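Chain residues, written in single-letter form:
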Amino acid sequence: MAARAGVNWGKWAVSGPPLAYLIVFFAAPTLIMALASFRTPGDFGGLAPLVAPDGTLDLNLESYARLAESTAYAEVFLKSVIFAIVTTVACLVLAYPLATLIAQSPRKYRDLLLLLVILPFWSNFLIRIYAWMIILGPNAALARGLNGVLALFGVEPVPLLFSSFAVLVCLVYVHLPFMVLPLYANLEKHDRALLDAAQDLGANAWQRFWRITFPLSLPGVYAGAALVFIPALGIFAIPDILGGPNDTLIGNLIKQQFLETRDWPFGSVLSIVLTVAALALAGLAAWIGRRGSAGAARA
Amino acid sequence: MRKGRAALWAAAIVAYLFLYLPLAIVVVYSFNDSRLNAEWVGFTLDWYRKLAGNDEMISAAINSLAIALVASLVSTALGTMAGVAMHRYRLRLLPVLVLTPIAVPEILMGVALLIFFVLLNFTLGLVSVALAHIAFCIGFVAIVVRARLAGMDESLIEAARDCGATPWQAFRRITLPLIMPGVIAGALMAFTLSIDDFVITFFTAGAGTVTLPLQIYSMIKIAVTPEVNAVSTLLMLLTLVLILVAARLSPSLLRTRPD
Amino acid sequence: MALLDIQGVTRRFGDFTAVDRVSLAIEAGEFFTLLGPSGCGKTTLLRMIAGFDVPDEGRIDLDGADLADRPPERRPVRTVFQSYALFPHMTVEGNIAFPLQMARVPPAEIPAKVAEALEDVRLSGFGRRMPQELSGGQRQRVAIARALVTHPRVLLLDEPLAALDAKLREEMQIELINLQREVDITFVYVTHDQTEALALSHRIAVMNHGRVEQLDEPSRIYGAPATRFVADFIGQCNLLSGPVVARDGGILTFDVPGVGAVRATAAEGQPDARHGTVALRPEKIRLVADPSEAAAPAGPHGRGAPHGGEARAASFGGDPTHNHVRGHVADLLYMGDVTVYRVETPGGARIEALLANSQSGRAKFFEVGDAVEMSWAVDAGHTIAG
Chain G
1 MAARAGVNWG KWAVSGPPLA YLIVFFAAPT LIMALASFRT PGDFGGLAPL VAPDGTLDLN
61 LESYARLAES TAYAEVFLKS VIFAIVTTVA CLVLAYPLAT LIAQSPRKYR DLLLLLVILP
121 FWSNFLIRIY AWMIILGPNA ALARGLNGVL ALFGVEPVPL LFSSFAVLVC LVYVHLPFMV
181 LPLYANLEKH DRALLDAAQD LGANAWQRFW RITFPLSLPG VYAGAALVFI PALGIFAIPD
241 ILGGPNDTLI GNLIKQQFLE TRDWPFGSVL SIVLTVAALA LAGLAAWIGR RGSAGAARA
Chain C
300 MRKGRAALWA AAIVAYLFLY LPLAIVVVYS FNDSRLNAEW VGFTLDWYRK LAGNDEMISA
360 AINSLAIALV ASLVSTALGT MAGVAMHRYR LRLLPVLVLT PIAVPEILMG VALLIFFVLL
420 NFTLGLVSVA LAHIAFCIGF VAIVVRARLA GMDESLIEAA RDCGATPWQA FRRITLPLIM
480 PGVIAGALMA FTLSIDDFVI TFFTAGAGTV TLPLQIYSMI KIAVTPEVNA VSTLLMLLTL
540 VLILVAARLS PSLLRTRPD
Chain Z
559 MALLDIQGVT RRFGDFTAVD RVSLAIEAGE FFTLLGPSGC GKTTLLRMIA GFDVPDEGRI
619 DLDGADLADR PPERRPVRTV FQSYALFPHM TVEGNIAFPL QMARVPPAEI PAKVAEALED
679 VRLSGFGRRM PQELSGGQRQ RVAIARALVT HPRVLLLDEP LAALDAKLRE EMQIELINLQ
739 REVDITFVYV THDQTEALAL SHRIAVMNHG RVEQLDEPSR IYGAPATRFV ADFIGQCNLL
799 SGPVVARDGG ILTFDVPGVG AVRATAAEGQ PDARHGTVAL RPEKIRLVAD PSEAAAPAGP
859 HGRGAPHGGE ARAASFGGDP THNHVRGHVA DLLYMGDVTV YRVETPGGAR IEALLANSQS
919 GRAKFFEVGD AVEMSWAVDA GHTIAG
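Protein chains in written order, with the numbering used here: chain G, 1 to 299; chain C, 300 to 558; chain Z, 559 to 944.
Derived by calculation from the structure, the hints in this document are not laboratory data.
Just so it is clear, the structure is predicted and the values come from calculations on it, not from any experiment.
Please note that the accuracy of each hint is not assured.
Unchecked claim - Here are the computed lysine to aspartate or glutamate pairs in the DMTMM-like style, where the Cα-Cα straight-line distance is at most 20 Å:
no.: 1; chain 1: G; residue 1: LYS11; chain 2: C; residue 2: GLU526
no.: 2; chain 1: Z; residue 1: LYS671; chain 2: Z; residue 2: ASP742
no.: 3; chain 1: G; residue 1: LYS11; chain 2: C; residue 2: GLU457
no.: 4; chain 1: C; residue 1: LYS520; chain 2: G; residue 2: ASP240
no.: 5; chain 1: C; residue 1: LYS520; chain 2: G; residue 2: ASP200
Given only the sequences and the hints, what does the whole structure look like? Please build it.
Okay, structure coming up:
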């Protein structure tokens, strides 16, 4: 536009207020939390004074050291990562046919089919967890039927609710739309002529999928994987409500530190490790995705 | 070919059932004349009647609505500004700050704000929850608004300037009316996100303040009654209406949340 | 004093110089065209006149006043955009009323002015429609009406006909000529279409790489191109280059590789060039069957040329008023009304000649491989220095 010189008042007038808000209510709290991870917990929760009575600055790595002290924390992290990976893979398997079908549907039905995927996702998060409490509950048809069958083989009844199984099913349920959408966005752009060409060149349906469709959809797969993996790794409400006593994940650990033990520094350490791990793994997936799609383009 | 298509449909139907059956069960049991969510006994509206007389639930609902109203109004104003700024100017910091709250695990924002408010001696309650909700809604509104702007012909603004409009007049008369559906869609989305939010609210509400999701949480943690089914059904209905209206106004909404 | 005076205007984008020291004086009432290939800087220049871009160097004066500090909304200049840029949320009337509202015209006066503008572009009765309900040509007219309603000093048109199909384009060209005459407003028109530029303009500035190659009337641009680029860009043209080997009054003889001696009248202002190019339009060349082979037994095709008798009379080599070059037809392109023949000389040069297919019942006069003789008047070609 015309004005190229001088201070751009319009730019600051428009971007200033949201920028200021996000600096105060997102960037600053996040930095304060990062700082808190180097402090000592206070006697009654919170943080010990930054400057101790003897004048020393309260900055240390003790909370980070605690993380290494016990293998219990490593186990929780490992379990969280495994749960998140299983969730991601299960979402991919369920989402792929769904996304394919939507992408291949006549244009006028596509938005409707897509809306049907998204709608449940917009209903309350807790309601969706609660729904599985009903389905998996000990008095529900599913548990009674399953345990009835097991009893025939002389197996003790297994509880479905308050188990890792319940946590995983609900994790998949809650995150499925995150996988469908990017996959659909990718599959929709595929040129049908490529498949016709592959068929013309002698590829059967199976070969067409693995040699053409799937490699081309990798960017969508990795995008979906990142979108499922990150929130799944940090979840706490699902294990909190549906999990058994052994289903503690990082999210629950963090919640404990802040609302029960009131050990903020250690809670901050866990939050930072969680975020870094989630972003690093998602970044890795995106990087592999780019290389994968570049490789697919070359091949 | 035809066999493959049938298999695809079968898989898709399984996926759709997986998505809808749980919610359908909640709705159906909200009309079930039994304290146990186990089997169908008979039709009743008792749980809704009980809900109407549940003062805790009603005050939680009022809190949620008040927070959602304030959060959606403020975040729509700020998010629209952010969307316009990101579309029009080459900015480095703003896009990062707008998008990271969406990209990082929700719990991070919850605990960070908890520390922030407590350290500032800010009383946790309705205000702190609303402030937190605004922070994470800005990004969603900004994305919808920017998508709307990206679909707009840039020469329309130049044409307005050419016709004698000042930059502000061009924004008021051309840009704003054209992005209005996106702005309203963003506002509805922010309202929905706010009224549904559990994780961030959980950390920033403090002990005395209860919103609908928090109320539902304590009910399902302590003692499940079919009243939860009833309130869930009503909440779903509200969300459904809001989202359908928003999707109608801004078709791009269908693609905005996860990217 | 010129209405619009562009003086040494330069605009760079990084390392790329889009407009390079351009100076132009556009007179009041003119239909002025900026013509050139995409990327030649014509649109950037137009945007600087409108105020959407600012020159790095130089100045643009309107009515003797510098426009530099005036944003687009404060210039008495209106643009018709290539995409029309009609406001989709306003009716046709709303669109045309918009600049009047911006100019704070009393609301009571607006309807009459809008109606008048609609009448000017023959769209009376379309005022209540939405832009999306109009055809391409109608949208085009609304865009013009919107730009003209405030009677600007200059109307800028950025490839306004590019989005229309060929037939409609021709119709709109005639309408534009008539409209410009009626409203008597200076039009500055940007296009890459040379036939459009030739048909519409009073004057044309041919641009290339950010510079004006030639500024002239259409007939001069076509008939007397100043540079090789102009000759090549405007229509089809044979460019015969070589050193000047003889000079006889106003007539230069060039030694063109593969063709031989070519005589041409020196253009004004360049009588003493040592190397030059003869720009020769294909339609200026007379093409006949080679008279030296005409006596040989006829080939499988019926031979014969439209001007056979004449050509035989002109003796090759000794003709003082015409050039004669022999060759054979290497390619031909039948275009319906005319056929383009590409003739290859024994020396390996290729020259295009064009014959009108004016005789009914015959698709073409020659076949590939036929021996032919080309001849053209010494003053038919236009010489370019260098």
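The hints, checked one at a time:
no., hint, verdict
1, G:LYS11 <-> C:GLU526, "violated, 51 Å"
2, Z:LYS671 <-> Z:ASP742, "holds, 17 Å"
3, G:LYS11 <-> C:GLU457, "holds, 17 Å"
4, C:LYS520 <-> G:ASP240, "holds, 9 Å"
5, C:LYS520 <-> G:ASP200, "violated, 59 Å"
In this structure, the earlier hints numbered 1, 5 are contradicted, and the remaining ones agree with it.
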